[in-house]
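Enquirer: What follows is each chain in one-letter form.
Number of protein chains: 2
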Amino acid sequence: MNSQPPAPPAHPAEPVRRTGGRSARVCAAVHRAVTELIAENGAEQVTIPAVAARAGVNPTSVYRRWGDLNGLLADVASTRLAPDDPPPDTGTLRTDLLQWAERTRAAVTTPEARALLRHSIGQLATCPGTTPRMAAREQQLATILTRAEDRGEPTPALTQAVDHLMAPLYFRVILNLGPVDPADTRRLVDDLLHHHTGRCPT
Amino acid sequence: MNSQPPAPPAHPAEPVRRTGGRSARVCAAVHRAVTELIAENGAEQVTIPAVAARAGVNPTSVYRRWGDLNGLLADVASTRLAPDDPPPDTGTLRTDLLQWAERTRAAVTTPEARALLRHSIGQLATCPGTTPRMAAREQQLATILTRAEDRGEPTPALTQAVDHLMAPLYFRVILNLGPVDPADTRRLVDDLLHHHTGRCPT
Numbered sequence: 001m002n003s004q005p006p007a008p009p010a011h012p013a014e015p016v017r018r019t020g021g022r023s024a025r026v027c028a029a030v031h032r033a034v035t036e037l038i039a040e041n042g043a044e045q046v047t048i049p050a051v052a053a054r055a056g057v058n059p060t061s062v063y064r065r066w067g068d069l070n071g072l073l074a075d076v077a078s079t080r081l082a083p084d085d086p087p088p089d090t091g092t093l094r095t096d097l098l099q100w101a102e103r104t105r106a107a108v109t110t111p112e113a114r115a116l117l118r119h120s121i122g123q124l125a126t127c128p129g130t131t132p133r134m135a136a137r138e139q140q141l142a143t144i145l146t147r148a149e150d151r152g153e154p155t156p157a158l159t160q161a162v163d164h165l166m167a168p169l170y171f172r173v174i175l176n177l178g179p180v181d182p183a184d185t186r187r188l189v190d191d192l193l194h195h196h197t198g199r200c201p202t
Numbered sequence: 001m002n003s004q005p006p007a008p009p010a011h012p013a014e015p016v017r018r019t020g021g022r023s024a025r026v027c028a029a030v031h032r033a034v035t036e037l038i039a040e041n042g043a044e045q046v047t048i049p050a051v052a053a054r055a056g057v058n059p060t061s062v063y064r065r066w067g068d069l070n071g072l073l074a075d076v077a078s079t080r081l082a083p084d085d086p087p088p089d090t091g092t093l094r095t096d097l098l099q100w101a102e103r104t105r106a107a108v109t110t111p112e113a114r115a116l117l118r119h120s121i122g123q124l125a126t127c128p129g130t131t132p133r134m135a136a137r138e139q140q141l142a143t144i145l146t147r148a149e150d151r152g153e154p155t156p157a158l159t160q161a162v163d164h165l166m167a168p169l170y171f172r173v174i175l176n177l178g179p180v181d182p183a184d185t186r187r188l189v190d191d192l193l194h195h196h197t198g199r200c201p202t
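Here the protein sequences come in this chain order: P and Z.
Going by full-length UniProt numbering, 30 is the number at position 30 of the first sequence; the sequence numbering is gapless.
Going by full-length UniProt numbering, 142 is the number at position 142 of the second sequence; the sequence numbering is gapless.
It should be emphasised that the hints constitute simulated quantities derived from the structure, not laboratory data.
All C-beta atoms, glycine included, are put in the ideal place defined by N, C-alpha and C.
Label-pair restraints from in silico Cβ distances:
1. Z:GLN139 / P:PRO182: 24 to 34 Å
2. P:ARG151 / Z:LEU158: 33 to 43 Å
3. Z:ALA24 / P:THR60: 51 to 61 Å
4. Z:GLY56 / P:ALA157: 50 to 60 Å
5. Z:TYR63 / P:HIS194: 47 to 57 Å
6. Z:PRO83 / P:ARG25: 45 to 55 Å
7. P:THR60 / Z:GLY178: 38 to 48 Å
8. P:ARG187 / Z:PRO83: 27 to 37 Å
9. P:PRO182 / Z:ARG25: 49 to 59 Å
Using the sequences provided together with the hints, build the complete structure.
Expert: Encoded structure:
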């Protein structure tokens, strides 16, 4: 998973622009530094000077772009935890759900993702509301179900898919209830289709 | 929101004992102060001096008994979120599960419980492991299922009860996915029994 960090940029004091090659490289280096430090020491030990040192950038650049540590962690969480591709569209509900569940499982079970997820839930204690990447995952699920319904497939409701597929997957990760492996997600998808499409088990 | 703090105790420097009337009163006052302050301002704004002032006790007593703020919050979380009575034992699985689910729902959906739950998950970012009150709730569920099995009732596995009853209930609370009402928990119990006891829906 982790590649070697790139060499520090030649001019760390150069102003950071919002777009463009150098700016994107700084952003990527800072995000990578955050996830590495979280994986090593936990989110509570991360500081902006430590992140800047690891990324090889000037701390001032980090403060200017992200404001404070919570802003930086929120940005990293929304980038790392949000789906980075469109929802699967294979032509059948079962295959779409299996791919969605496996991608979600793989994305949220790395040590960095677990730590970011828990940290962002801790932040919710003072800033209530659904976290954006959850909303994005739920939106993907909604798209998959709507397409299946349009094709005329027996389709569970979104509430059922959230309660019986998304919830158990995240619950195990958030509360550290042991590993979540591909077989678990397959079983959840099969149970969802088996029990919530109005068909009697055969 | 803010009520006047009660008058300070007559002898704030009196040693705090682990048991007994005065010690229990101090403990209850401090716990109440923590939950009130969390409900008003969120867990991140709570400080030991603020808690002590609200509870009308000397901050030294709080530091001596709980060590630091995380120790205090962890104690309050484990007291407030743990089940405070034995699991229901009504003689039928469905009624036991309905009572367990409704008690759990009622316990974890107050604003203080939501905030404590999210805060303790945020702490997990650095201290992995199942939180004790989750383990206690899961243990209650296990007891209910074992009794039903001993009576010869068709009974879902513990994994199924955790995935399809406990997980959706907590997931909605933890991620703030809107209200969770008694009708939701009844539907989850009915679905669990309907789908995971080897009986075809009738």
